[in-house]
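Number of protein chains: 2
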Amino acid sequence: MFEGPVQDLIDELGKLPGIGPKSAQRIAFHLISAEPPDIDRLTAALNRVRDGVPFCSVCGNVSEADRCRICADPRRDASLVCVVEEPKDVAAIERTREFRGRYHVLGGALDPLSGIGPEQLRIRELLTRIGERVDGVEVSEVIIATDPNTEGEATATYLMRVLRDIPGLTVSRIASGLPMGGDLEFADELTLGRALAGRRAMA
Amino acid sequence: MFEGPVQDLIDELGKLPGIGPKSAQRIAFHLISAEPPDIDRLTAALNRVRDGVPFCSVCGNVSEADRCRICADPRRDASLVCVVEEPKDVAAIERTREFRGRYHVLGGALDPLSGIGPEQLRIRELLTRIGERVDGVEVSEVIIATDPNTEGEATATYLMRVLRDIPGLTVSRIASGLPMGGDLEFADELTLGRALAGRRAMA
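Chains as they are written, first to last, in my numbering: chain L, 397 to 599; chain P, 397 to 599.
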């Protein structure tokens, strides 16, 4: 539709997730009239990510140093490890301000059709962490917080099998059920089934 | 929430129009696992736009050459000039495939509070084009297609005053009214008022 550099930029922006043709056009025209230093800051940030993002050597979360802020924080309970698929899941759980333990980022979920088996995930590192203790503290509980979808459930089942025979270790799974503010009438069968199966005695 | 380069990228992406914190995070994590050449194509496109986008010397649309594709196309009716605010408006009208004339891009709309007066818009260039003829063809009609909002209406009124005394020139304004597929009941008063005032005899 446009010519030259503008269309090139619209095309490239349109390849990003969640950016449709209209958003790409809107962003491109915003950038045309942006100050060069603003664009430079964006390209600099892109180049740093392109050159490789450092990951925490302990938990696999994105990190600036060898250990991420959470793994380096002695106030975080090292006996409680929450296993998630991706760094963005760490961010989601941190936003709840409910969890004071540590994390372990798998780097994905089991998906044999895409060639992602247990070796492609950081499962061996999880076992090493449990075996060697975390900061000298014995891991007493692993909370499996993979997504409640096909791949995440398969990963949770696999992890359960691997971890269940470790003495003194509790393995738990985050609850599935109706979202808060949700409506029973409009819940899908699977979610409602889970909500029923996961019912808890009221205090 | 994140550390180092990832958070920098999320921050920069979040400054783009229409990109909220969640989208910025999603795009950043997409880019972390993207291939370096994909990121290079995006930064290259950004750098070209940063270094300045060429505009058509005739109509002011974005262009690769001195004249844009539309101004260089002899099949486009040079006697009919559609005046728009921005290059993206040219794209919007081109998508209708209804218009076979030429364009004139003002580069904005009158907005005295933001310091945009007639001198900041390409109005002088429009008068020169009309005076000198376009490709040897006399301009017979100028269609004012500025946005139907405060600034666009003010710009249309101003242009009408400037252009109305040019002999042999028709000045028209695109119609305002109910959008197709719209609902009378939910139309705002201004739009419905315009739709009534702009009523046309049925054939």
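Possibly wrong hints are sitting among the right ones.
Since the list gives no way to pick out one identical chain from another, each pair is judged satisfied if it fits inside one copy or across any two copies.
[Stated by the list, open to error] Pairs of lysine to aspartate or glutamate residues, derived as EDC-like cross-links and limited to a Cα-Cα distance of at most 16 Å, are as follows:
1. 411 with 547
2. 418 with 408
3. 411 with 469
4. 484 with 543
5. 411 with 434
No lab work stands behind these hints, which were simulated from the structure alone.
How the hints compare with the structure:
1. 411 with 547: Neither: 25 Å inside a chain and 33 Å across chains, both beyond 16 Å.
2. 418 with 408: Result: close within a single copy only, 13 Å intra versus 20 Å inter.
3. 411 with 469: Close neither inside one copy (38 Å) nor across copies (31 Å); limit 16 Å.
4. 484 with 543: within (12 Å within a copy, 40 Å between copies)
5. 411 with 434: between (21 Å within a copy, 9 Å between copies)
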